[in-house]
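Make a model of the complete structure from these sequences and hints.
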Amino acid sequence: MMKPAFTAALVGAMFAAGAAQAENVEIYLADMLDNSQNGYCVDIAGGREEAADPADGLQGHTCYSPGGALGFDQTFDTEKFADGLLYMVNFDVCTQITSTAAGSELELADCDGSEAQSFAFTGEGVISPTAAPDMCFTVGEDTRSGRSDANQIKELTLEACSDDLAAYQTWAVRTAE
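Heads up: the sequence shown runs through residues 939 to 1115, numbered per this note's numbering.
Quick caveat, the hints were computed from the structure, so don't treat them as lab data. Just to be clear, a hint being listed does not mean it is correct.
[Said to hold, decoys possible] Label pairs and their in silico Cβ distance ranges:
(1) D1021 x E1079: 26 to 36 Å
(2) S1083 x E1043: 15 to 25 Å
(3) M970 x D1050: 29 to 39 Å
(4) G1005 x T1038: 33 to 43 Å
(5) D969 x A1007: 20 to 30 Å
(6) G1061 x A989: 28 to 38 Å
(7) G1041 x Q959: 33 to 43 Å
(8) Q975 x D1080: 11 to 21 Å
(9) G1078 x T1038: 13 to 23 Å
(10) Q975 x T1038: 26 to 36 Å
(11) S1100 x A1007: 27 to 37 Å
(12) A1020 x S974: 30 to 40 Å
(13) D1072 x G1006: 33 to 43 Å
Cβ coordinates follow ideal geometry from the N, Cα and C atoms, glycine included.
Here you go:
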């Protein structure tokens, strides 16, 4: 059974204070939008589970957690959150921005401690690069199907943080128990 590990408000505190105990989590969109299963998670684009290629970057994808476990290509380590890193433990890579401009994609690369790999969750559940705190992780409005209609995919980019886009920009984390 999946259990929300932290509410969106607590995620900001977790980044600021550091995780007391490292856990593997999925980062999911708080609003279900049009998803027919368990919402949208930050996911490696283009691949499936262990076969995913970090070079393909990130997308919003149906969370795998309805199956009772975190998706291999959707798993992040909370221990790195305190350092501002979004670290994908199963691939040993960190999320990074390609640019601070609106519409920029998010990619994965070897962790190097650069500013491009530094992020913060706010108390409101948004994820922003520290280099551009007015920009937020945002899933797109358009939805496409993956390998089946149950696997829904949305583009994941940086966009200006906006109350009008809150449903597309508010994130939380959860773990399997």
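Hint-by-hint comparison with the structure:
no.: 1; hint: D1021 x E1079: 26 to 36 Å; in the structure: holds (32 Å)
no.: 2; hint: S1083 x E1043: 15 to 25 Å; in the structure: holds (20 Å)
no.: 3; hint: M970 x D1050: 29 to 39 Å; in the structure: holds (35 Å)
no.: 4; hint: G1005 x T1038: 33 to 43 Å; in the structure: holds (36 Å)
no.: 5; hint: D969 x A1007: 20 to 30 Å; in the structure: holds (23 Å)
no.: 6; hint: G1061 x A989: 28 to 38 Å; in the structure: holds (36 Å)
no.: 7; hint: G1041 x Q959: 33 to 43 Å; in the structure: holds (37 Å)
no.: 8; hint: Q975 x D1080: 11 to 21 Å; in the structure: holds (18 Å)
no.: 9; hint: G1078 x T1038: 13 to 23 Å; in the structure: holds (18 Å)
no.: 10; hint: Q975 x T1038: 26 to 36 Å; in the structure: holds (33 Å)
no.: 11; hint: S1100 x A1007: 27 to 37 Å; in the structure: holds (34 Å)
no.: 12; hint: A1020 x S974: 30 to 40 Å; in the structure: holds (35 Å)
no.: 13; hint: D1072 x G1006: 33 to 43 Å; in the structure: holds (38 Å)
Hint check: no violations occur; every hint is consistent with the structure.
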